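Number of protein chains: 2
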Amino acid sequence: MSHRCCAPVVAGIALACLVTMAAAQNPTVIATSTVQATVAAPSQTRFLLPVPASVQWGEGRLRLDSTFTVAVRGHSDARLSGAVWRMLQRLEKRLGVSLTRSPEGAAPFALSTDFASATLVVEAQGPGQTVQTETEDESYTLDVTSARAVLRAPTVVGVIRGLETFLQLVEGDRSGFSVPAVTIQDRPRFPWRGILIDVSRHFEPVAVIERNLDAMAAVKLNVLHWHLSDDQGFRVESRRFPKLQEQASDGLFYTQAEIRAVVAYARDRGIRVVPEFDVPGHSTSWLVAYPEYASAPGPFALEREFGVFDPTFDPTNERVYRFLDRFVGEIAALFPDPYWHVGGDENSGVEWSANPRIQAFKRARGFATNEALQTYFNQRLLPILAKHGKRMVGWDEILEPGLPTSSVIQSWRGRATLDSAAHRGYTAILSSGWYLDHQRTAEYHYAVDPLPATSTLTPEEAARILGGEACMWAEHVGPETIDSRIWPRAAAIAERLWSPREVTDVADLYRRLAVVSARLEETGVQHASHTDRMLRRLAGSADIAPLAEFLRYAQPAYFGERSQLQRTTQLNPLTHLVDAARPDPFTRWRIGALVDSLLADPRHAAGRGELTAIFDAWGRLLPQLQAAADSSPLAGEAFPAADVLAALGAAGVDALTFLGDGAVPPDGWLARITPTLDRADRPLGLLRLPFGSALRRLIVAAGQPH
Amino acid sequence: MSHRCCAPVVAGIALACLVTMAAAQNPTVIATSTVQATVAAPSQTRFLLPVPASVQWGEGRLRLDSTFTVAVRGHSDARLSGAVWRMLQRLEKRLGVSLTRSPEGAAPFALSTDFASATLVVEAQGPGQTVQTETEDESYTLDVTSARAVLRAPTVVGVIRGLETFLQLVEGDRSGFSVPAVTIQDRPRFPWRGILIDVSRHFEPVAVIERNLDAMAAVKLNVLHWHLSDDQGFRVESRRFPKLQEQASDGLFYTQAEIRAVVAYARDRGIRVVPEFDVPGHSTSWLVAYPEYASAPGPFALEREFGVFDPTFDPTNERVYRFLDRFVGEIAALFPDPYWHVGGDENSGVEWSANPRIQAFKRARGFATNEALQTYFNQRLLPILAKHGKRMVGWDEILEPGLPTSSVIQSWRGRATLDSAAHRGYTAILSSGWYLDHQRTAEYHYAVDPLPATSTLTPEEAARILGGEACMWAEHVGPETIDSRIWPRAAAIAERLWSPREVTDVADLYRRLAVVSARLEETGVQHASHTDRMLRRLAGSADIAPLAEFLRYAQPAYFGERSQLQRTTQLNPLTHLVDAARPDPFTRWRIGALVDSLLADPRHAAGRGELTAIFDAWGRLLPQLQAAADSSPLAGEAFPAADVLAALGAAGVDALTFLGDGAVPPDGWLARITPTLDRADRPLGLLRLPFGSALRRLIVAAGQPH
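Residue numbers (the working numbering), protein chains in the order written: chain E, 188 to 893; chain X, 188 to 893.
Pulled out of the complex, with its shape left as it was, chain E reads as follows:
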């Protein structure tokens, strides 16, 4: 999977979420399993993310202090205790007091058997599936009164979800910590809620994967789609075919012990791990090691650039299937999940078309197209997967006539494929619109729904839409930057996949996202410290403050823009200002909201004051950045955007004056500023200013007679 298609795949849909929602009938129930649109108020959703299926706030609060204890009744096992212990460790650090432990020592915490006095009673009916699948029951109920909290779930996975909700409810005030009284009945809207992490284009160490699994669990995601091979590297140790890691990984691969550890780590958090080994295309790394299975003569070299490349398995070579059979037979044992992702995307077909033997094979079999030949390849692959206990998942290119409906289709080229797959009897998951590497906003991703209200699918077809996955492709991310590209935006996608369809209030999303983002750091992900950390290296001996302030207002250019402008390879250091920047800075939403409130009431004093301060700050930044660039060559990359920012700031101050006074701007004012507004909508160096449309609304309004 790659990025030939870089255009916004859900163009236009981002606006849908701005449509005002009808008020809920019962304001204390923020969402129910029946279809009913909702305006969320802060007092209703607090800092719950994803919003549960049903929340009924009660009276009073459960105080949390050093006397906090947990009692477990019903089913108990190591996974359950592990989840409780991790929750207790996080709670202890938040409260700043040590909680009750077993007499023997620091770990494990003591689980009380005194149900009457326990602060939190956890009750699971059973362990859940031996191998977690998409049919796992993840539901739970959480009842909190001023006396105690009770968490009940049919499975340990439901308990794991409920414990995260409990932690999200912890609040503080001058009198201490507490959880508000509440009754929550919760279950996910979709059973398949994942993140794809590409470790081929840039490798990610186990520690990075594990901390992201913790963060996924915190927002109730349940699938790690691990993209383990591609043209740029093969990342798994094979003992049967050791040349894969020896010759095609640069030494950057996971040992089998590490794979097992990650899979166990994920299972402990209620997360499945679906491996992807992309075939027959995107397979340069395989063929570096085993060129004899290619459709063209080798040798091949690992790809350092990004795009779609020609090396492809030879579908006419019986030894290819024996090789894949033995490979799957070995590696399937590492991944207990019933699914195996075969990729199947972006086969260029160049080698197939150029190879007379393959063309003869096509003719002999009556395959009109290379797509038909790939379907043949897939049909050969299916019994191999089945033999090793696996069902096939593939990108939507595999959806060709002849593909058995036991396959799962992952749609990356558009929502239409998703419906088409479901209509034709396939189960399907959505990734189109959820490419985190595209550097779009949380709001944009939030507006994407695998099963929107406008869907024309029958209930039976709709049930085949299993959910979706956010995709973290790794052309432009490495271990230092990946967290900042996943979080907090993936939390918005997590909410879309978990919460009722009607939970769509963008303002409330951003309010919660700001706090949840900070709390996610508790899991070890480093998105929140990202910018300052990157800037300390980039700034050299200069003060990072102006650069940090600047990056509060700038974000990376979109994926396609950066690809074209910078033309990075796998070897380029990802240490530039664009890498220190973060997508969808919170100021974007804030500035938009301030502009909208000001346009509704041009004399609104608080909004005026805050916007004026922001616009003034933009003007002051430029000379400070120039000083930084005197000792930091990379700081100079700020200038294209900083120049426009300064001009926008000046124009914004003027606009506020005109709007506030009701004054008419001088002739030609709007025309003079329009080119700046136009520049602000385009990439500026490798950066973007993400609030161009808000500024345009403000300035155009100020430029009108009023």
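Honestly, the hints are just simulated from the structure, not real lab data. In this text the structure is predicted, and so the values were computed from the model without any measurement. Even glycine gets a Cβ: it sits at the ideal position worked out from N, Cα and C. Watch out, some of these pointers could steer you wrong.
[As the list claims (entries may be wrong)] Output of the computed footprint for chain X on chain E, the stretches with three or more beta carbons under 8 Å from beta carbons of chain X:
#	region
1	273–285
2	812–821
[Said to hold, decoys possible] Here are the in silico distance ranges between beta carbons for each label pair:
#	chain 1	residue 1	chain 2	residue 2	range
3	X	333	E	736	33 to 39 Å
4	E	253	X	566	35 to 41 Å
5	E	430	X	525	38 to 44 Å
6	X	516	E	287	39 to 45 Å
7	E	272	X	479	29 to 35 Å
8	E	360	X	783	42 to 48 Å
9	E	806	X	855	34 to 40 Å
10	E	485	X	313	41 to 47 Å
[Unchecked claim] Taking beta-carbon pairs under 8 Å as the criterion, some of the chain E residues facing chain X (in silico):
#	residue
11	715
12	719
13	754
14	758
15	759
Position chain X relative to chain E; hints supplied.
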């Protein structure tokens, strides 16, 4: 080793460094191996830390860009290439461009064989010692011209040191990156330059140890003193005595494979690893597992509190020596270093005195004191260590009559012991004055010298002073906080141990420390992101900005104060405001310098402006912190210090006015403020305001007739 003695062990010495130094004869040579006092100018030391033995700046600059190559000639081995490759990776990230690689791929980088065109030529004469010891040659010369850089060293360790110097020379300006032309001849003043890391009171994962080894290498430290056992936990896997880790570690210990990996990681960076297994006292954890070797009847439990405890090995029990022989025999194989630290400190003697059999043994042998009995114990230990190829290191308590001079004395109780040991023929290292957990300033530690100019030791005795170690005791640090307690202050100690005695300019230290501190983050240590990261959890849903601003001006109370006030145990979460604070915030030095320059010229406009802004900010903080405390109970811990800060700010503004106008303050002004100044010199909650003396100087001056 613990903290019974918490009083400042080098009281008074901190002022010594403020004494003005005589100017160097040759201003372009900042220090030489001859004794000559120096005032360092920024243009002389740039961002070199530790300052090399001899630096001669030249004309011109060596440009660094994507054409940068390294050629290695002379001796070459995997350790050398590894060091070069790590340097290249860091350089590549700083420059933001990919450097030349081998055709095969991402790693390793290509080492050029074209010496004529290489940007950096590295030339080692040999590998250095097979097992690095304190006699290793760490010297190097670095010659940089506008054409090339040449790094020469007798050993690979010298190359490793020189590569760090090269990276410290990298500077940027508008035209790009470069290194100034220079000739550096460098070698350490002391051969033993270490950090003790206590992993018993709080365990530190391997990743924490490894990132600190990288940071140590960056400032040319060369010993990790690994404090692996104490009353609170035993941290090494023993296969012969598995109950040690099974019963006395809470599951928090290093496997033997991990130990070997850390030792190899350290060796790759030119760092020795000296293990400490504290006996006969500080040994509760041993005796939890094997109570039969104790001086009192067990059973014992792991100690959760901190201090000096009674469980002690029985020196009269022959089976104790057989046990220790077998233990050392097993574990010595993990640690190739010729030294083995036996601890030997703070034996309470309570169990010995209470045990009639032990008392009878003392009488029978003619030992007058428990100290004499401990010397007997040490004398029994010495042949065991020798049998397994180890020399003894111990805390200064072991310096009793009868101890062979082959032992190394580590002085923690005062400098006097160090001189006494050297005088009596022992080699010795200093730790007194270098306890990082005491939360003193870099300036304070910097003023401590193992061999000050005033030393009365003969040259032969002086040669026995091998150096010293900064000590990171772990009562109050865990994995989240340890980096912030070690860095950047340990860099000041590193300079004291490496650089000529005459390098003592504190202003220049702080100037360099600010930049070096940021660069250290490149090694993975997390001190620079520490405060904000901790505050994001602590602040809950509140904005961290006021808390972060507050902690720019506050630091943790001293070790003894916190111990008394908070009485933490091993189980207390280290997530309070005191943990988010950092020792010796840079504002302390800055405010002191501003006050001094203002007192020299009361109308100095720039200083007035900056101080006024700081004082005003203190007043504004209080209401913001009060708002934060409304949703964050732990934020309220700021109030005692924030109250005083606000009062000091108001007084400071008044003082500036009086000084600026030459006005006489109203009657009683100074008397009214003095109680606030007094409060500012004491702990405020668990925090301290570190610039009390500067404010007092300012306010007292303003209160005088002038």
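Review point. Of the numbered hints stated previously, which ones are contradicted by the structure, given in increasing order?
Key: Failing hints, ascending: 4, 9, 13.
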